[in-house]
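Knowing the structure of chain B, use the given hints to seat chain P on it.
There are 2 protein chains.
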Amino acid sequence: MRLLVKLQYNGQHFHGFQYQHGLRTVQGELESILTKMHKSFVRIHPASRTDRGVHALEQCIHFDTELAIPSERWKFILNRNLSEDLHVSEVTEVESSFHARYLTTGKTYRYKIYTTKDRNPFYMGLKTHHPYPLDIEKMKSAMAPFIGVHDFTSFSSAKGTIQNKEREITDFRLIETEDGFDFVITGSGFLYNMVRIIVAYILEVGEGRREEDTLNIINAKERTLVPRTAPAEGLYLERIYYD
Amino acid sequence: MRLLVKLQYNGQHFHGFQYQHGLRTVQGELESILTKMHKSFVRIHPASRTDRGVHALEQCIHFDTELAIPSERWKFILNRNLSEDLHVSEVTEVESSFHARYLTTGKTYRYKIYTTKDRNPFYMGLKTHHPYPLDIEKMKSAMAPFIGVHDFTSFSSAKGTIQNKEREITDFRLIETEDGFDFVITGSGFLYNMVRIIVAYILEVGEGRREEDTLNIINAKERTLVPRTAPAEGLYLERIYYD
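The listed protein sequences derive, respectively, from chains B and P. For the first sequence, our numbering gives the first residue as 1, with consecutive numbering after it. For the second sequence, our numbering gives the first residue as 1, with consecutive numbering after it.
Next comes chain B alone, as it looks inside the complex (with noise of 0.2 angstroms):
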């Protein structure tokens, strides 16, 4: 039987979400209690390894397991074994064939920053700080020109791996908060560091350090003309799609 497990974690204390060993990683924690579950090795697919520091509201993983617990048991019984900055929040049976990872369709990522003169000591890994004045209506015009299908080489970091570089965005927005605003951004996938550096661009836009040139960057296909990534803790995988 296939499972797919919806879960949400607050990346902070996580060395990112792949096995590294000697260290605590989301599918560490998760592996461990389905091997100890299953008393022999239990591997788990997630839809997209996020880095160290970065968020879930929303990440999904599959296994396969022959135990008879029913799929809505499942919820309980994982809750109860991890730990408080880890959640499931949903177990469903889904066919063989189903693949987390190959068969993901599109994500939603969103970036948190906090624009309060003081830092906030509550938001200590969970939102970025930017004290300095932003040009929203920059930003706007420097988000419009990534939407549609573009090669994102110059939005991306060089220790990616994946040759094809080219994926289509398909919305991306700034919603303005309490005390910052959220950038929330769909595509069909998403290269190595990608939204950390596409933030980083944007933000370095509204400071005024540097004028709106999103086609140009995008089209040079250089990577060395967006040299900033945004940090880590802002940084949320927010949804993953299926058809």
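Everything labelled a hint here was simulated from the structure, so no lab data went into it. One should not assume that every hint holds.
For identical chains, the list gives no copy identity; a pair is met inside one copy or between any two copies.
[As the list claims (entries may be wrong)] Below, computed lysine-lysine pairings styled on DSS-like, alpha-carbon distance capped at 27 angstroms:
| hint | residue 1 | residue 2 |
| --- | --- | --- |
| 1 | Lys75 | Lys117 |
| 2 | Lys221 | Lys36 |
| 3 | Lys117 | Lys6 |
| 4 | Lys138 | Lys221 |
| 5 | Lys140 | Lys39 |
| 6 | Lys140 | Lys165 |
Because the structure is a prediction, the values reported are computed rather than measured.
Just chain P now, kept in the frame of chain B:
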């Protein structure tokens, strides 16, 4: 020159306010920075010594300095040296007779609870999870008799060393929030664990595990009548009053 410093801190990574050798505490962190700046030991005096895991939206401390730094400059210097979970919101010069602890005329504490069925990993260390049905009206009836001057022996920890257990509660409210509620309590002063014991009692009444019996419990002056203490993570020192 005596300075009054208003602080905020996220208590989840501190072993409380008070200095403890080899452990991370708010006092330890502040005194270490001040001692480096003065090249001699500087003692700070807080309005209240919060426990491990307890937060402060406003804590007040004072210390004496001979350094020729304008008080408006102090805030900047301290924040530059403090870690992210500890923030100075205000520094003002006060008379040499001022004392942050002895001159307080009252304090407000807030206790944050969320009641959604699912745990929220982003509230870890910041709000107490209470996913059981509560009768708000019953809780309010149990809260009302706290107002006034009472001996709070029944609602304080046996570990407290202060002889006089009489305190005045001037205000006690339940404020509903997006996903739960806050208790906000103001009084002349609070005994050791008093707010957390009162909250534990009110929640037991709200759950229907015990009947409202506030005045009788107070009058009994008997510590064993309320054996529970609500967790530290939901508690915030919110305000300190001086004349």
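> How would you classify Lys140 and Lys39 at a CA-CA limit of 27 angstroms: within, between, both, or neither?
Replying inline: neither (53 angstroms within a copy, 50 angstroms between copies)
>> With identical chains, the pair Lys138 and Lys221 could be close in the same copy or across copies; at 27 angstroms between alpha carbons, which is it: within, between, both, or neither?
In response: within (23 angstroms within a copy, 65 angstroms between copies)
> For the identical chains here, do Lys221 and Lys36 meet the 27 angstroms Cα criterion within one copy, between copies, both, or neither?
Replying inline: neither (47 angstroms within a copy, 49 angstroms between copies)
>> Treating 27 angstroms as the Cα threshold, decide for Lys140 and Lys165: within, between, both or neither.
In response: Answer is within; shortest intra-copy Cα gap is 24 angstroms, inter-copy 59 angstroms.
> At most 27 angstroms between C-alpha atoms: does Lys117 with Lys6 qualify within a copy, between copies, both, or neither?
Replying inline: between (36 angstroms within a copy, 16 angstroms between copies)
>> As a check of your reading, is Lys75 near Lys117 (CA-CA no more than 27 angstroms) within one copy, between copies, both or neither?
In response: Only across copies: Lys75 and Lys117 sit 12 angstroms apart there, 41 angstroms inside one copy, limit 27 angstroms.
Taken one by one, the earlier hints fail for this structure at numbers 2 and 5, listed in ascending order.
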